[in-house]
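So the chains spell out like this:
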Amino acid sequence: MELPVISNTAPVEASGGCSESGCGTAPDGLSHLPDHIRSKVQDHPCYSEEAHHYFARMHVAVAPACNIQCNYCNRKYDCSNESRPGVVSELMTPDQAVKKTLAVATAIPQMTVLGIAGPGDPLANPERTFETFRQLSEQAPDIKLCVSTNGLSLPDCVDELAKHNIDHVTITINCVDPEIGAQIYPWIFWENKRIRGIEGAKILIEQQQKGLEMLTARGILVKVNSVMIPGVNDHHLKEVSRIVKSKGAFLHNVMPLIAEAEHGTYYGIMGQREPTPLELQALQDDCSGDMSMMRHCRQCRADAVGLLGEDRGDEFTLDKIDTMEIDYATAMVERAKVHDAITTELEMKRALKAAPKFNPAVEEAAPATRNIRIAVATKGGGVINEHFGHAHEFLVYEIGPKEHRFLGHRKCTAYCMGDESCGDGETVLGGIIKSLEGVEVLLASKIGFEPWADLEKAGIKPNGEHAMEPIEEAIRAVYDEMAAAGKLALPAGGVAAQAA
Amino acid sequence: MSLEIVDSCVGCFACEPLCPNKAISAVMQPGEPLFFINPDKCTECLGDHDLPQCAEICPIEGAIVDEYGEPLNPPGSLTGIPLHLLEQLREAECRQ
Numbered sequence: 001m002e003l004p005v006i007s008n009t010a011p012v013e014a015s016g017g018c019s020e021s022g023c024g025t026a027p028d029g030l031s032h033l034p035d036h037i038r039s040k041v042q043d044h045p046c047y048s049e050e051a052h053h054y055f056a057r058m059h060v061a062v063a064p065a066c067n068i069q070c071n072y073c074n075r076k077y078d079c080s081n082e083s084r085p086g087v088v089s090e091l092m093t094p095d096q097a098v099k100k101t102l103a104v105a106t107a108i109p110q111m112t113v114l115g116i117a118g119p120g121d122p123l124a125n126p127e128r129t130f131e132t133f134r135q136l137s138e139q140a141p142d143i144k145l146c147v148s149t150n151g152l153s154l155p156d157c158v159d160e161l162a163k164h165n166i167d168h169v170t171i172t173i174n175c176v177d178p179e180i181g182a183q184i185y186p187w188i189f190w191e192n193k194r195i196r197g198i199e200g201a202k203i204l205i206e207q208q209q210k211g212l213e214m215l216t217a218r219g220i221l222v223k224v225n226s227v228m229i230p231g232v233n234d235h236h237l238k239e240v241s242r243i244v245k246s247k248g249a250f251l252h253n254v255m256p257l258i259a260e261a262e263h264g265t266y267y268g269i270m271g272q273r274e275p276t277p278l279e280l281q282a283l284q285d286d287c288s289g290d291m292s293m294m295r296h297c298r299q300c301r302a303d304a305v306g307l308l309g310e311d312r313g314d315e316f317t318l319d320k321i322d323t324m325e326i327d328y329a330t331a332m333v334e335r336a337k338v339h340d341a342i343t344t345e346l347e348m349k350r351a352l353k354a355a356p357k358f359n360p361a362v363e364e365a366a367p368a369t370r371n372i373r374i375a376v377a378t379k380g381g382g383v384i385n386e387h388f389g390h391a392h393e394f395l396v397y398e399i400g401p402k403e404h405r406f407l408g409h410r411k412c413t414a415y416c417m418g419d420e421s422c423g424d425g426e427t428v429l430g431g432i433i434k435s436l437e438g439v440e441v442l443l444a445s446k447i448g449f450e451p452w453a454d455l456e457k458a459g460i461k462p463n464g465e466h467a468m469e470p471i472e473e474a475i476r477a478v479y480d481e482m483a484a485a486g487k488l489a490l491p492a493g494g495v496a497a498q499a500a
Numbered sequence: 501m502s503l504e505i506v507d508s509c510v511g512c513f514a515c516e517p518l519c520p521n522k523a524i525s526a527v528m529q530p531g532e533p534l535f536f537i538n539p540d541k542c543t544e545c546l547g548d549h550d551l552p553q554c555a556e557i558c559p560i561e562g563a564i565v566d567e568y569g570e571p572l573n574p575p576g577s578l579t580g581i582p583l584h585l586l587e588q589l590r591e592a593e594c595r596q
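Residue numbers (our numbering), protein chains in the order written: chain A, 1 to 500; chain B, 501 to 596.
Isolated chain A (complex conformation) (with noise of 0.2 Å):
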């Protein structure tokens, strides 16, 4: 059985007449897209919330320089341990970094995405950055080439970036108006001075801004990344999104700031909390308006290898890929072959969303039930697949009785660590369960006895009997079983209480 999904914008009425996957909604919210663009992104996994259970992404650390100070970043910071941007294990030069690329595209065919994202700025960067680019796109020309920046630099760079094969950029704006910027960025690096306060971050809006316009006036995709402080920006980046999509930018992800007081930031010092996952998901849900949102966006590190939400880094650090033979050539014949059984496999799920659904009347007559949040352990692939105890994060639904939504991923520390931290399996579910805010129903391909009598206390129903299957036929079903048990009856007060 297969799924249309619910709109970002506002519920659907039941109104009949019109089938469900008629009504332009599409599997990642890129239906609005044109062509040329769809085309593009749909296969990428930080853009496509489909294609990222099949294909895989790898960030270069050759960027080290940074030329402005976010209140989010600690320039002194580099732990394994830790998965955020700006942190890395190992800075790289570029013939280091091609060689690791290449290493990493022959031993995981599905990478398809290179991209710079620091841990500095890129653009601040601009002869690693671009000697980097320019080997790839000779070396490798079946690797998509991404970079990311904070758009001060942006307007001196774009005439280079045309000249890579770069087709998308992101650009992080959280602000247009240089009052806000200032609690944002406390200095800039410009023309040979740092530049502080107001100031410096009008300097920096004006680049961004002037970046944004070049970009696509040249047709090179831009998305946009916003971090969201509660009390700074929060309320302002409606108005970011608004601006940034009438000049052109294709996407606009707005991420949760990460603040703690062990990552040495101001922010985290200065005790700015972090927004709640329902805060966040209100916020994406007003940005988004037409414009389609990364909700399993996972802001990834700077020298991220893998699967979105998996780091295989370990496996290529400087020492192993000094030591591996790489044929890309032959790489290259074995790479096609992959890509193409995965393109053909997600056409096919493609055709069959957009086939006309039998709708029986009957189901019409159905009595109204409310939407739920389902939370889902996967390794990737689209199936339930992870242990309970093993999850680092879970994907969260939304599902009514017609329609269904992804809304975003979870963080949380798996509850088994190994059987020295099981020790510490109380607190960890304590967080796990905080992390569900707002969850009903939890799916995962096994659930032990201990956390289950835990997580059903908190409201959270978990259940294994869908292990292995399509996560969207799975929530349908069990958003279907508890319909007919009459346990989704609306509250008093009906559509409208819901709504609100």
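In short, the hints are calculated from the structure, not lab data.
You can trust all of the hints, since none of them are fake.
Covered stretches of chain A, as calculated for chain B (at least 3 residues, CB under 8 Å):
1. 59–66
2. 183–191
3. 262–270
Note that CB positions come from ideal geometry on N, CA and C, so glycine has one too.
Based on the hints, put chain B in the right spot on chain A.
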């Protein structure tokens, strides 16, 4: 007259291309600071810029000092973190 990079340097390379005298180079010696300013070449940017470029872009408080050992970017001057909180952070780091 020369500036000096001390061991709190994180090796981000930001200063190296800015030096008008090409006085800054990366060091690969374990135990040494990650970058080195050649005192024979450093002019503290006099005649080239209003302010020393390495210290203007350096993101790490205290990493660049003058000939008296005084940091050009003292604690709190770049991050805005109050000194008493920086002190607590340093104590926590020492315990690790």
